[in-house]
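K.L.:
Could you put the whole structure together from the sequences, leaning on the hints where they help?
From first to last, the protein sequence lines stand for chains A and B. Residues in the first sequence are numbered from 1 upward in steps of one, following my numbering. Residues in the second sequence are numbered from 1001 upward in steps of one, following my numbering.
Everything labelled a hint here was simulated from the structure, so no lab data went into it. The beta carbon of each residue, even a glycine, is placed where N, CA and C say it ideally should be. Relax, there's no trap hidden among the hints.
Below 27 Å or equal to it, Euclidean Cα-Cα: the simulated BS3-like pairs (lysine-lysine) are:
id	chain 1	residue 1	chain 2	residue 2
1	B	LYS1004	A	LYS420
2	A	LYS465	A	LYS277
3	A	LYS420	B	LYS1042
4	A	LYS420	A	LYS445
5	A	LYS290	A	LYS465
6	B	LYS1077	B	LYS1094
7	A	LYS445	A	LYS465
8	A	LYS345	B	LYS1026
9	A	LYS345	B	LYS1030
10	A	LYS48	B	LYS1077
11	A	LYS285	A	LYS465
12	A	LYS48	A	LYS70
13	B	LYS1026	A	LYS420
14	A	LYS420	B	LYS1030
15	A	LYS328	B	LYS1094
16	A	LYS448	A	LYS277
17	A	LYS386	A	LYS464
18	A	LYS113	A	LYS236
19	A	LYS236	B	LYS1077
20	B	LYS1086	A	LYS328
21	A	LYS386	B	LYS1042
22	A	LYS70	A	LYS464
23	B	LYS1086	A	LYS345
24	A	LYS277	A	LYS290
25	A	LYS328	B	LYS1077
26	A	LYS113	B	LYS1077
27	A	LYS387	B	LYS1042
28	B	LYS1094	A	LYS345
Quick list of the computed label-pair ranges, beta carbon to beta carbon:
id	chain 1	residue 1	chain 2	residue 2	range
29	B	GLU1066	A	LYS445	52 to 58 Å
30	A	ALA53	B	GLU1066	34 to 40 Å
31	A	ALA394	B	GLU1052	18 to 24 Å
32	B	ASP1023	A	GLU334	21 to 27 Å
33	A	GLY412	B	GLU1076	41 to 47 Å
34	A	GLU349	B	ASP1087	23 to 29 Å
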Amino acid sequence: MERLQYSAVELAKAIKEGKTTAVEAMQAVLERIERFESEYHCYVTIDKEGALARAGQVQREIEAGSCTGKLAGVPVAIKDNICTEGMLTTCSSRILSDFIPTYSAKVVEELEKAGAVIIGKTNMDEFAMGSTTETSAYGVTRNPADPEHVPGGSSGGSAAAVAAGECFFALGSDTGGSIRQPASYCGVVGMKPTYGTVSRYGLIAYGSSLDQIGPITRNVEDCAAVLEVLAVKDEKDSTSIGREDTDFSEALINDVSGMKIGIPRDYFTEGVDPQVKEAVLGAAKVLESKGAVIEEFDLPLVDYAIPTYYTIAAAEASSNLERFDGIKYGYRTEQFEGLHNMYKKTRSEGFGAEVKRRIMLGSFVLSSGYYDAYYLKALRVKAMIKKAFDEAFARYDLILGPVAPTTAPRLGESLQDPLKMYLSDIYTIAVNLAGLPAISVPCGKDDKGLPIGLHLIADCFEEKKLLRAAFTYEQSAGKGERL
Amino acid sequence: MAEKITEETIDYVGILAKLELSDEEKTQAKTDMERMLNYIDKLNELDTTGVEPMSHVFPVENVFREDVVTNGDESEKTLANAPGVKDNMFVVPKTFD
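P.N.:
Pasting the structure below:
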């Protein structure tokens, strides 16, 4: 299974050099899927024949010299809330159980332009609402590190697929930590870029002011390479930013001399697993030994991020999900009396419990009489949180902490208490509120063998600092385990 | 402490959210929403007087472009996803008598 040992960047190079082919790489991935998918269930849709046909096509183009993209021939898995023309896109929801997009998301177009070959669509929490991938209408995904545990979420299928070798890299989306937390739980690398860096065109919206697509990869080098492909200005997304500094691979320097890194004291209060704390502080020591200046500091408002997030995200979700009404696409109830009854029955039967919970909350905080007290209040606190980060980044290049307070919970533990599940996002959520880039890098395992993630946060547009520090850490700590 | 969520509030939110909830779901929704709102009330500990609400982290300006049609006729593909179609149109339930 030598081909599976390659990272995405290494595989593209090996294909280019004729050491292997896009078809062989796809066959290797499909064999892996054959072997493990029944246990892990990373995918909602696997397009085996289509994937092999596209791999063959890309291989011919590579040989003819017409496909020279940096991911030429590399098999990729796409989260199921990202539209793929002609390929089922369900958001892991019953309401989109038969939805075939008529166009591809900008990121899918860009990946295909770079030569990547889509394997299929990965499982997720329904409409990206959840932290464990257990709210999927199509069954749970299991963590390859220990199948009795969740892979995290909402991009749990993508993170698990990368960890299990069921793809060479994957796309996820991150509204409150949905790339970084599953990457941490599964022991892979995941990045949420600065808001506006990656086009949201074709991403089925959850919280539009917070959503951002990003890479989930086996190592930091792959993360930089994939981000280079994704970071493209798109006139179809009005919040898309034209970045000029997108040569992210240049930031892969094994040295952090002089870099100032702040560790918020409030990230290590009660609730953090001692083993997570030890691993993360150990990673800080590694960066210190490579020249970084590490300091503890007080980052205010940490405890206010979650209530702010759930107010804003639920409000945006209640508005975004109004389009699912049984008229233009998706599920429609069979028996109804009149238009409004059809809407209500369709939505009630089509959405799962967590999605309904957030739509209800969002409708409430936006309703007349409560709009000021809840929604506007949350937007004011968001401004305060952003300011707290601005002040921190006046002093530090990076903020360092854990991705999540614990390692992956056991399957079934989180669903009984939604509020408790929400609390697992305490470190990741503020990053989305402030539009910042952040990365999750594996930094050890607990005594049960479950991966722990190091969370690095940078100021807006400073992905290169993240990649440099993450790369330096990874080089010192040793790349993640090979398959 | 949030105001107690009444059954009427749940019914009203159900109308806004276009959801039809069973009695059991309503009871659960009431409990869940009360708990979440109590938690969200933590924000009232903060004095936000004079703080402008921030909807976007970057200054957002309207993005203009020329009004030129760039897509072709994809009505067939689009309608293929619809639960009800007739004569190249969406079928909707009767909206008035």
